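Asks: Please put together the full structure from these sequences, using the hints given.
Residue numbers (our numbering), protein chains in the order written: chain A, 1 to 342; chain B, 1 to 239.
It should be emphasised that the hints constitute simulated quantities derived from the structure, not laboratory data.
All of these numbers come straight from a predicted model, not from anything done at the bench.
Think of the CB as a built atom: it goes at the ideal place given N, C-alpha and C, for glycine as much as any other residue.
Possibly wrong hints are sitting among the right ones.
[Unchecked claim] If the Cβ cut is set under 8 Å, some of the chain A residues that face chain B in the computed set are:
(1) Lys12
(2) Glu180
(3) Ile198
(4) Gln257
[Said to hold, decoys possible] Pairs of lysine-lysine residues, derived as DSS-like cross-links and limited to a Cα-Cα distance of at most 27 Å, are as follows:
(5) Lys131/A <-> Lys47/A
(6) Lys62/B <-> Lys338/A
(7) Lys62/B <-> Lys337/A
(8) Lys48/B <-> Lys337/A
(9) Lys170/B <-> Lys139/B
In case you want the letters, here they are:
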Amino acid sequence: MRVMALVRRILKQIVRDKRTMALLIMAPILVLTMLHLVFNGDSYTPKIGFVDLPAPLTEQLNEDEATIVEYNSTNKAEIALTERDIDGYIVMSSNSLHLTLEGSDPTINGATMKWLQESLTSMQPDSSAIKLKVDYLHGSSDMSQFDSFGPVLLGFFIFFFVFLIAGVSFLRERTTGTLERLLCSPLRKWEIVVGYVIGFGIFTMIQATIIASYAIYVLGMMMEGAFIYVLVITLLLSLTALTLGVLLSAFANNELQMIQFIPLVIVPQIFFSGLFNLETISDYLSWIGPFTPLYYGADALRNVMIRGYGWGDISIDLLMLTGFSILFMILNILALKKYRSI
Amino acid sequence: MNPIVQIEQVKKHFGKQEVLKGIDLDINEGEIFGLLGPSGAGKTTLVKQLVGLELPSSGQNKVFNIPMPSLDVIAKIGYMAQSDALYGELTARENLQFFASLYGLNRGRQKDRIQTCMEIVQLSEHTDKQVSNYSGGMKRRLSLAIALLHEPKLLVLDEPTVGIDPVLRKSIWNSFYELKKRGVTIIVTTHVMDEADKCDRLGMIRDGHLIAVGTPQSLKENMNSTSLEDAFLSYGGVN
Chain A
1 MRVMALVRRI LKQIVRDKRT MALLIMAPIL VLTMLHLVFN GDSYTPKIGF VDLPAPLTEQ
61 LNEDEATIVE YNSTNKAEIA LTERDIDGYI VMSSNSLHLT LEGSDPTING ATMKWLQESL
121 TSMQPDSSAI KLKVDYLHGS SDMSQFDSFG PVLLGFFIFF FVFLIAGVSF LRERTTGTLE
181 RLLCSPLRKW EIVVGYVIGF GIFTMIQATI IASYAIYVLG MMMEGAFIYV LVITLLLSLT
241 ALTLGVLLSA FANNELQMIQ FIPLVIVPQI FFSGLFNLET ISDYLSWIGP FTPLYYGADA
301 LRNVMIRGYG WGDISIDLLM LTGFSILFMI LNILALKKYR SI
Chain B
1 MNPIVQIEQV KKHFGKQEVL KGIDLDINEG EIFGLLGPSG AGKTTLVKQL VGLELPSSGQ
61 NKVFNIPMPS LDVIAKIGYM AQSDALYGEL TARENLQFFA SLYGLNRGRQ KDRIQTCMEI
121 VQLSEHTDKQ VSNYSGGMKR RLSLAIALLH EPKLLVLDEP TVGIDPVLRK SIWNSFYELK
181 KRGVTIIVTT HVMDEADKCD RLGMIRDGHL IAVGTPQSLK ENMNSTSLED AFLSYGGVN
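Replies: Laid out in structure tokens, this is it:
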């Protein structure tokens, strides 16, 4: 079958080009590892509010590794917390300690909790009767910084590299004349596009499996849902990247011009991927989000990896990604009309 | 003689630039037809139309009596473009196998045809070399081998012997005569006069006009010139 001939050729070319293959797999791994080390690095000194804590307790709590601010009412502490002046505040009610955390930054949550627990265990045995209750203003426990944006970055890097490699390899097909050569064979235009999608699809499936496994099992990225969903999402996301890259290569005359699409097409997608709080983005910009593939890919990855959701909660994201891919594929077939009208 | 290619009133312009200014030409079955002209004359535009890659702005091209472009006809044409459209990362054999599969050749026939075609272009011992290690002339010959793979009834070759040494050029021309004996029609574009001399008939193209058509002998005789070069200049109104 003609499509399979194309698929075999593409796979062979990728395997021959060791450096590109290494880039596709090693670059995301390298960057994720660096992020892992950057964000799970040194411990943080928490800023903690004490609300009317009895003096004996205050003395016992370790004040060396934390910055303490005293408040005379819960209300004032609450305001300070919302303003992010403090990371959390402690209230004593009957025989239990009540810690409220701001919660949006997992590193800070962790540091605050650790400090309080260590302080409590170092106290006299009789005070172990004190019960600890923890509340979060935002977020939840047990989550590291890397966990919170890891899924987004996983999606982003796969999207980015597949976009670049697929775009450039199709561009090369245009500039070396091989595309023209393909089109004066009986190969149909849709067969070229489908051949590319399957050829790169097979490769990106392997790529996504390696990168996702590394992030989850080696770097210990939070993984609440099923691994298979992550693969499905990354596969669909990379197909979108592939078809978009191939499409944009029609508007580039050389590799450098392909690179020029990165700040225009790739970087802005980061803003809407959930890495930054979507609700705080200015209204002038926020409407763009739903038009970017990464918006859906990152949302689905977070839903699966952090929230442990399944099929029902990611199906709309997956549908949107499929829709993007199909749209780009159709546009690709139309763009090939430039070379041959039938 | 049956015309295998009929070019009827073909004009082509890219924006304001007129590249073909009304070409009428019949090419007969089984002949080696040369399109002679300087670069920029419109040769490549014309042959691209014959293989379905370009559409005329007006007029039409019929190949095997079917208006182009047609996928059925495309499958029966062997085309060699001016630039070598090869995959450098792959070996010559892999390139050949790929294109052979596009034309639907089965495995057994692929093997036969690859061997035959590589013998014609004298590259047999380099079949398993990676194409990026090929010299310019070798790439040209591999492109030719690819065009021959599916035993097309019509070969369209855009400057096939550029960068090929005289000895090899001679042997390639011998293989053209061999193909002609088997009934293959060959259209060759060239700007080399001594190569044009080897064609059965010639069409001289200048500035998008077909200025003369005939056998090399008759073209020279008509203009009382000893060489095709002089004849070309006379037809172009320079002499």
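Asks: Name the hints, by number, that the structure is in violation of.
Replies: 3 and 4
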